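Taking the hints into account, I'd like the entire structure generated from these sequences.
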Amino acid sequence: MKLQLVFFAAFAMLLFSATAIRPAAAVEPDEVLTNPALEARARTISSQLRCLVCQNESIDESNAPLAHDLRVLVRKRLLTGDSNEQVKAYIVARYGNYVLLKPPFIVETYILWFGPLILLLSATAAVIFFFRHRAYLPSEPAPLTDDERRNLSDLLDEPDDNMGVG
Amino acid sequence: MVVETGLFALILALFIAAIQAVVPLIGASRGEASWMNVDRPAAAVLFALVTLSFGALMWAHVTSDFSVLNVIQNSHTDKPLLYKITGVWGSHEGSMMLWTFILTLYGMAVAVFGSNLPPGLRARVLSVQAMIAFGFILFILLTSNPFTRVYPPPLNGEGLNPLLQDPGLAFHPPFLYLGYVGFSMAFSFAIAALIDGRVDAAWARWVRPWTLVAWCALTLGVAMGSWWSYYTLGWGGYWAWDPVENASLMPWLAGTALLHSAIVAEKRDTLKAWTIFLAIITFSLSLLGTFLVRSGVLTSVHSFAVDPQRGVFILLLLTLFTGASLFLFALRAPALKAGGLFAPISREGGLLFNNVLLSIAAATILLGTLYPLFVDALGLGKISVGPPYFNTVFVPLMAPMILIMAIGPFLSWRRGDLEGALARLKLTFGVAVVTITVTVLIAGISSRALWASLGFGLAAWLFFGSLAEWSGRVGLFRRSFGDAMHRARHVPRSVYGMTIAHMGLAIVLAGITGSLAWKTEKLQVMRPGDSIMVAGYQIEFTGVDNDVKGPNYTASRATFIARKDGRFVAKMQPERRVYTNPPQDKSTVAIHTNFIDDLYAVFGEPDGKGGFVTHFFLNPLVPWIFFGAVVMVFGGMVSLSDRRHRIGAPIKKTRIASSVAAATAPTAGAAPSIEKKALLRGWIYLLPLLAFIVLAGFFIHRLQLASEGDTPNLIPSVMINKPAPAFNLPPLLADRPGLKTADLKGKVTLVDFFASWCVPCRAEHPVLRLVAQAGIRLVGINYKDKPTDAKAWLAELGDPYQAVASDMHGQTGINFGVYGVPESYLVDKNGVIRFKQTGPLTPEVVRDKLIPLAEKLER
Amino acid sequence: MYLVVFAALTILSVSALLYPLLRRGPSATVTRADYDNAVYRSQLAEVVQEAERGLMNQEQADAARTEIHRRMLSTAAVEKKGATGTRGSRRASLAAAIAIALSVPTGAGLLYAAIGSPGMPDQPYAERLKRDPNVMIASAARKLAAQLANKPNATGYLRLAEIYFYLHDYGRSATAYQQAIDLGDKSAGTWSQLGETIVMANDGAVVPDAINAFAHALQVDAREPRARYYFGLAAAQAHEWRRAVAIWRDLEKDSAANAPWLPILRQHIAAYAKAGGFDPASITPEPPLLPNP
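Chains as they are written, first to last, in the working numbering: chain Y, 1 to 166; chain V, 1 to 859; chain W, 1 to 293.
Keep in mind that the hints were calculated from the coordinates and are not lab data.
Since we're looking at a predicted model, the values are computed, not measured.
Quick reminder that beta carbons are idealized off the backbone N, C-alpha and C, glycines included.
Hints may be right or wrong, so weigh each one.
Unchecked claim - Distance ranges between label pairs, derived from CB positions:
#1 T145(Y) x L427(V): 53 to 59 Å
#2 L690(V) x R91(W): 43 to 49 Å
#3 G608(V) x P208(W): 25 to 31 Å
#4 L853(V) x H239(W): 36 to 42 Å
#5 A259(W) x P730(V): 54 to 60 Å
#6 Y151(V) x G204(W): 22 to 28 Å
#7 L853(V) x P285(W): 39 to 45 Å
#8 V107(Y) x V395(V): 39 to 45 Å
#9 P285(W) x D799(V): 55 to 61 Å
#10 H239(W) x P730(V): 38 to 44 Å
#11 A734(V) x V107(Y): 26 to 32 Å
#12 Y151(V) x F114(Y): 58 to 64 Å
#13 E85(Y) x S412(V): 50 to 56 Å
As the list claims (entries may be wrong) - Quick look at which bits of chain V chain W covers, simulated, 3 or more residues with Cβ under 8 Å:
#14 1 to 12
#15 57 to 67
What follows is the structure, given as structure tokens:
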């Protein structure tokens with residue numbers, strides 16, 4: 001088991017060394033479709049599909065051979081008349097939801113998608129709670145009482161050169 | 001000598017840090033002045049020792065001392081001097097040294113500037129700083145010692161990754177760390193306040209400038225990282241929501257929130273528990289980022305070489321610092337008395353609102369970054385959370401925040417006048433509406449144009465709203481010009497800082513919107529002499545120089561002349577470089593900017609027929625993103641220069657503290673009594689700790705998996721229990737049959753994808769015999785290979801397959817869900833896939849999994 | 001020497017820490033509230049300034065001032081209630097000082113002994129370039145390589161290959177030999193040296209690439225001794241010991257009596273004959289069989 005993983009790591013390294021270090025535009029001229037509308041759709045779709053052998057790159061950005069094959073496949077499917085969703089479904093059927101950079105809205109991702117909303121609601125509740133549990137805000141603070149004034153004069157009655165420059 | 005002194009100084013620093021962590025703390029709690037006073041000399045000595053140590057490491061790098069392992073691994077004599085120096089923090093060990101150096105630098109700053117801090121507070125702050133320093137120095141010494149020696153030294157070093165030999169990447173870590181580590185100041189102040197059980201005026205005054213310093217540095221660091229991505233990665237992307245980028249954005253968002261809540265804490269003596277919480281969270285997120293990047297829990301393009309052992313140590317530090325501080329928070333925060341009251345609509349209310357949104361944004365990024373790991377840990381399969389998710393959730397959070405950012409400064413403290421504020425924003429509102437209309441008129445009605453108009457509208461709203469606030473404050477249109485200018489001079493610097501920083505954000509927003517909405521891209525094969533048009537620019541490819549020599553690389557350099565309307569605009573020379581030590585390829589792009597848009601040229605591979613792949617982009621408004629970030633930092637620095645931050649120390653008095661009659665004081669408390677609810681509300685303060693415990697437990701689980709060899713890269717197949725996809729492939733060897741789907745039926749079959757170019761396939765090959773011997777039908781599909789190579793390969797190693805088909809274009813591979821050979825699929829008698837092995841088969845897998853399963857399926 | 005530096009560092013550091021503990025002096029009389037009041041006074045001054053500049057109306061200014069005043073009062077009250085005052089116990093400070101003075105040097109010394117390399121000198125490259133012949137040679141090789149990249153020639157590459165071979169950098173050496181051959185030096189000696197370098201790069205295994213190079217050498221000069229020796233070694237590594245001994249005996253027969261390789265050759269013949277359990281004299285000398293090109 002261990003050995004296998006070592007091999008797999010070595011193999012993954014090989015693939016990455018071919019992709020991560022050579023930063024050039026991934027899409028090759030011979031892949032580009034002549035129909036600009038279809039090509040634009042192809043770019044949109046491929047920027048939403050994850051390159052499986054890379055780290056956090058879409059197939060649109062990756063130079064990996066598999067990413068190239070998938071880009072070509074996306075364009076082929078578009079040429080045969082698939083909608084964007086059909087193309088994605090085609091690839092998901094083979095590689096699973098992992099290829100979607102935008103996770104689908106399924107039970108497993110409810111927390112992911114509702115999370116920000118839940119946080120927002122609970123924060124709103126907390127803020128309302130915060131304001132509700134504070135006493136009524138007087139328009140202006142009550143003026144100092146005589147006692148307070150007397151005590152204060154003690155505090156303020158100190159040399160002004162306390163305010164040195166630090 | 002120098003190197004060993006460096007190590008000894010670091011070891012000495014460890015013990016000094018221990019003393020500094022313990023003695024002043026005890027002194028502060030027992031009121032022993034002489035014990036507390038150990039804090040400043042200790043901080044100075046700690047700084048001096050770590051500086052000496054860091055200097056020694058730098059010396060070793062500059063003099064190419066190959067008796068130091070760290071130098072061997074990251075340097076080479078041919079490397080330019082600049083990169084010998086910046087290479088010090090190019091490695092994990094060196095970057096941790098930089099981290100520690102900056103940490104002690106901040107400690108030193110407290111010692112130097114801290115004369116106006118109450119001694120007890122200062123002693124506790126420096127003690128907490130020393131605890132952090134102790135943890136990190138121990139981490140360096142035990143797991144990442146940069147002074148490990150080698151004898152005999154090799155003749156030369158292994159060189160530095162060419163990607164790191166770049167000014168943008170070389171200088172962005174120091175700023176990033178100045179930011180990350182700078183938040184340790186706010187953290188230390190927060191812990192000191194919690195130990196003390198009170199947050200006083202001096203506390204809030206002090207936290208703000210240090211948070212501001214850290215915020216400025218982090219803003220610059222993040223912007224530099226983004227700029228680096230922009231000109232390095234070759235497609236003009238500046239933000240990819242990569243885990244490492246997220247790790248820097250989370251503390252930035254939390255730190256921005258902290259910056260604003262600290263204002264409320266100082267001015268109004270309220271939101272104190274929240275400010276302390278943010279201080280803890282901001283630094284914890286910095287630590288979490290360090291952990292995620294270096295432990296191998298997440299993978300990223302930018303991550304360091306990962307090491308689970310280091311991961312365990314960083315997790316330990318994270319748990320210690322964050323866990324202990326959140327525990328202290330749960331214990332002490334409920335007792336912190338709230339001070340000044342304010343209405344929901346007020347300056348404080350606006351700041352609170354922004355705080356809430358910024359915190360939720362940070363939490364959302366954390367959720368998105370870690371969610372795939374959670375789903376995986378719960379056995380729910382693998383999912384990806386990429387840029388589309390973050391964009392979707394980030395925009396609705398940030399849009400209202402920017403709306404409020406323009407209104408907030410118009411509201412007065414305590415109780416604001418919303419109608420009045422909006423009335424004064426009428427003109428700004430008009431400008432925003434015009435911006436939106438013009439954008440739609442230019443770009444037409446499409447979803448992209450609508451988003452663009454929204455972005456520009458918000459940017460205009462914020463930019464002109466900030467201007468309007470300033471002009472209202474100085475009375476630009478209400479008073480004589482001279483009077484207004486007089487008033488403008490007397491507006492506090494911190495207010496100017498706010499206006500400038502907010503305008504900077506507006507510029508960034510406009511830049512992001514523009515680059516998303518109107519990017520133009522041209523990709524083609526060009527021969528020298530060819531010309532093309534890119535968004536109004538005529539670009540002529542004049543030639544290639546294949547013989548460019550750099551200090552440690554050779555390159556092919558293309559020359560393009562860009563013209564607009566026949567006039568010369570720029571000469572652009574992108575390169576493809578081959579570095580020698582270590583041997584690696586790197587492509588450098590050429591960018592011509594006119595500060596509104598960037599013309600961006602990439603020089604690709606030759607096509608073998610005299611042409612070259614060339615790729616051009618016109619990236620509109622991208623320069624604004626970086627310019628806006630610099631404006632934000634400038635705003636921060638202006639605010640920092642405000643003299644309010646330089647409050648003096650009280651002079652020593654001859655008489656003991658004022659003899660104020662305390663009898664009346666309790667009634668004077670402005671805060672209403674809310675302590676009776678403390679118990680009831682106490683559980684809220686426990687929530688962060690509980691959440692953190694869950695998170696830490698999860699990370700421990702993750703690290704355990706990593707140490708057992710689990711990699712996050714293995715993707716389970718969705719093809720299990722589905723019929724094998726339809727295919728009909730030609731044979732590889734002429735005298736043997738091909739392969740089609742129907743052939744798989746009737747008998748349990750192992751379909752093995754292999755290729756002669758695949759290194760692990762060679763390792764797998766002998767194992768295939770075991771499969772054949774076990775009576776499982778074995779067929780091979782030769783994946784994306786040249787038939788001649790594959791035939792030679794089988795001739796050399798032997799042919800264990802009953803049939804070998806050729807999948808030249810990889811289409812069948814994709815249908816099976818192959819993402820990297822070798823992969824093998826066990827198909828049952830009915831042609832349904834029952835098992836998949838990703839990566840090479842091993843004797844263990846064959847014996848323990850494959851054969852028993854095949855026997856079961858055969859029955 | 002390094003012990004002196006370490007000791008000096010330690011003494012300096014520790015004495016800086018001990019100074020406040022051992023210093024005799026009046027303890028501070030400034031209370032915590034004084035620090036807060038300094039801030040409050042600065043806030044009051046701000047309120048005054050802002051009101052003067054009309055940034056705040058009189059009502060707001062009054063409210064702000066009252067609030068700050070109240071805070072000053074409550075701070076003073078807290079101070080009064082929990083006044084702890086600073087104290088200083090000489091004896092405790094002295095104990096702490098002694099503990100620090102003992103623990104820091106001991107701890108640092110022990111940890112350094114555990115993970116340091118005491119006495120190991122620095123090895124800056126410039127120094128090694130003056131003293132260490134290997135470093136000089138390596139540096140010369142890099143210069144030569146840079147020159148050759150500009151003006152390639154076979155003699156230069158041959159020289160470079162020999163230097164790399166001397167430095168045990170077999171990978172680079174093989175590349176340089178190949179360059180020399182590509183640039184026209186197709187002599188038997190260069191081919192066989194290429195082969196030998198490939199063997200060295202493969203930890204002594206005579207791999208197919210090496211055999212190929214030796215075959216080239218023998219095609220140029222069938223008597224080339226090095227190539228013949230390695231053909232024998234290749235046979236030996238394939239467990240064809242009789243064949244190996246035959247090739248070597250063939251080489252032995254042709255060698256001059258003072259040929260430097262003779263002793264080792266004879267040693268090999270004896271050893272392999274013994275391993276195979278046959279008498280070397282019974283084997284007829286045979287030239288190596290060249291593989292089909």
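Quiz item: Between A734(V) and V107(Y), does the beta-carbon spacing fit 26 to 32 Å?
Solution: Hint violated: Cβ distance 52 Å, outside 26 to 32 Å.
Quiz prompt | Range hint 36 to 42 Å (beta carbons of L853(V) and H239(W)) holds or violated | solution = Because 40 Å falls inside the window, the suggested range holds.
Quiz item: Is the distance from the Cβ of L853(V) to the Cβ of P285(W) consistent with 39 to 45 Å?
Solution: violated (59 Å)
Quiz prompt | Whether the CB-CB distance between Y151(V) and G204(W) falls inside 22 to 28 Å | solution = Holds: the Cβ-Cβ distance is about 26 Å, inside 22 to 28 Å.
Quiz item: Range hint 54 to 60 Å: satisfied by the CB atoms of A259(W) and P730(V)?
Solution: At roughly 58 Å between Cβ atoms, P730(V) and A259(W) fall inside 54 to 60 Å, so the hint holds.
Quiz item: Is it true that L690(V) and R91(W) lie within 43 to 49 Å of each other by Cβ?
Solution: Holds: the Cβ-Cβ distance is about 45 Å, inside 43 to 49 Å.
Quiz item: Under a C-beta cut-off of less than 8 Å, do 3 or more residues of the stretch 1 to 12 of chain V approach chain W closely enough to confirm the stated coverage?
Solution: n = 10 at 8 Å, threshold three: holds.
Quiz item: CB of E85(Y) to CB of S412(V), is that within 50 to 56 Å?
Solution: At 52 Å between Cβs, range holds.
Quiz prompt | C-beta pair P285(W), D799(V): status relative to the range 55 to 61 Å that was hinted | solution = Roughly 40 Å apart at Cβ, these two residues miss the hinted range, so it is violated.
Practice problem: Closer than 8 Å, Cβ to Cβ, for at least three residues: run that test on the stretch 57 to 67 of chain V against chain W and report holds or violated. | Solution: holds (count 6)
Quiz item: Quick one: are Y151(V) and F114(Y) within 58 to 64 Å, going by C-beta?
Solution: 60 Å Cβ-Cβ, so the 58 to 64 Å window holds.
Quiz item: For the pair G608(V) and P208(W), does the Cβ-Cβ distance stay inside 25 to 31 Å?
Solution: 29 Å Cβ-Cβ, so the 25 to 31 Å window holds.
Hints 1, 7, 8, 9, 11 from the earlier list are contradicted by this structure; the remaining hints agree with it.
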